[in-house]
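Colleague: Let chain A serve as the given structure and place chain B on it in line with the hints.
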Amino acid sequence: MYRYDEFDASFVNQRTEQFKDQVRRRLAGELSEEEFKPLRLMNGLYLQLHAYMLRVAIPYGTLNGRQMRKLAHIARTYDKGYGHFTTRQNIQFNWPKLEDTPKILEELAEVEMHAIQTSGNCIRNVTADHFAGAAADEIADPRPYAEILRQWSSLHPEFSFLPR
Amino acid sequence: MKAITANRLLNGDVVWLGENGSWVERVTLARIFEGKDQVAEGLAIGQEAERNQEVVGVYDMGVTLEAGVVVPVRLRERIRAAGPTTHPQFGKQAQAVSA
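Taken in sequence, the protein lines are chains A and B. In terms of my numbering, the first sequence opens at residue -3 and continues consecutively. In terms of my numbering, the second sequence opens at residue 35 and continues consecutively.
Among the hints, a few may not be true.
Said to hold, decoys possible - To spell it out: a stretch of chain A is covered by chain B in this simulated footprint if at least three of its residues, at any positions, have a beta carbon under 8 Å from a beta carbon of chain B; those stretches are:
(1) 23 to 37
(2) 93 to 103
(3) 120 to 131
To be verified - Derived lysine-lysine pairs resembling DSS-like cross-links, with alpha carbons at most 25 Å apart:
(4) A/Lys93 with B/Lys126
(5) A/Lys99 with A/Lys76
(6) A/Lys99 with A/Lys16
(7) A/Lys16 with A/Lys33
(8) A/Lys93 with A/Lys16
(9) B/Lys70 with A/Lys76
Think of the hints as simulated: they come from the structure by calculation, not from any bench. Ideal Cβ placement from N, Cα and C applies to all residues, glycine included.
Chain A extracted, bound-state conformation (with noise of 0.2 Å):
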């Protein structure tokens, strides 16, 4: 399983700080709901028929035992013990708290998982046989290529904005 290097973890821990003050801006009045939308949004956070709605990226479908304990102890604390996989191989939480998502992500950052991408007009999470690397009849491991594909694609520029 790939293992964040320090360039990522130092970029996710910057994204999750810029978010952090991106929030409380929000809250203090200095960003109106206008120029916070396209921010939040950046970090998959939705306002949504009944509730905020955060949507987690999980890249190549791979968990391990502490990711997957992580999203259970955010479901448990930060939402209502419970969260929607989807058929992009993301979690969704769908009654998050807008002042809790900073905390939420400052968590998932600490088990190499983001909110990245997971929303907008940009490349979304890099999707794979969530049995790559265990399945017996498996041809080729995709993770590789799936991760080569979630780091080029990561904030590119000519893709961050592509038209619907």
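Modeller: Relative to chain A, chain B alone:
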């Protein structure tokens, strides 16, 4: 016959404008606005609340009275007022029924 609705900024909860400019958690407690002028007044109160970081996405919605109780007209608004149709154990429908 209209009510003014939005989501609370802090937690995203669905709320309606009630009496005295407060935001209530039950559509049954929503203030009723009739006629263009009253609705415009309600929307102005809502927009002020948006500027004060209380709520987001203020708009007016059609309501009707059924046996004296305020009920949303459109299905979308009925779902917002109740909670997720796929999870009856969550949302307003799961909380104590009152008003």
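Colleague: Each hint should be assessed against the structure and marked as holding or not.
Modeller: Here is how each hint holds up against the structure:
1. 23 to 37: Contact hint for the segment 23 to 37 of chain A vs chain B: holds, 4 residues under 8 Å.
2. 93 to 103: The restraint on the segment 93 to 103 of chain A holds, since 3 of its residues have a Cβ under 8 Å from chain B and three suffice.
3. 120 to 131: violated (count 0)
4. A/Lys93 with B/Lys126: Holds: A/Lys93 and B/Lys126 sit about 16 Å apart, inside 25 Å.
5. A/Lys99 with A/Lys76: holds (16 Å)
6. A/Lys99 with A/Lys16: Given that 25 Å is the threshold and the Cα spacing comes to 8 Å, the pair holds.
7. A/Lys16 with A/Lys33: holds (14 Å)
8. A/Lys93 with A/Lys16: holds (13 Å)
9. B/Lys70 with A/Lys76: Measuring from Cα to Cα gives roughly 40 Å; hence the hint is violated.
The structure does not agree with the numbered hints 3, 9 stated previously, though it agrees with the rest.
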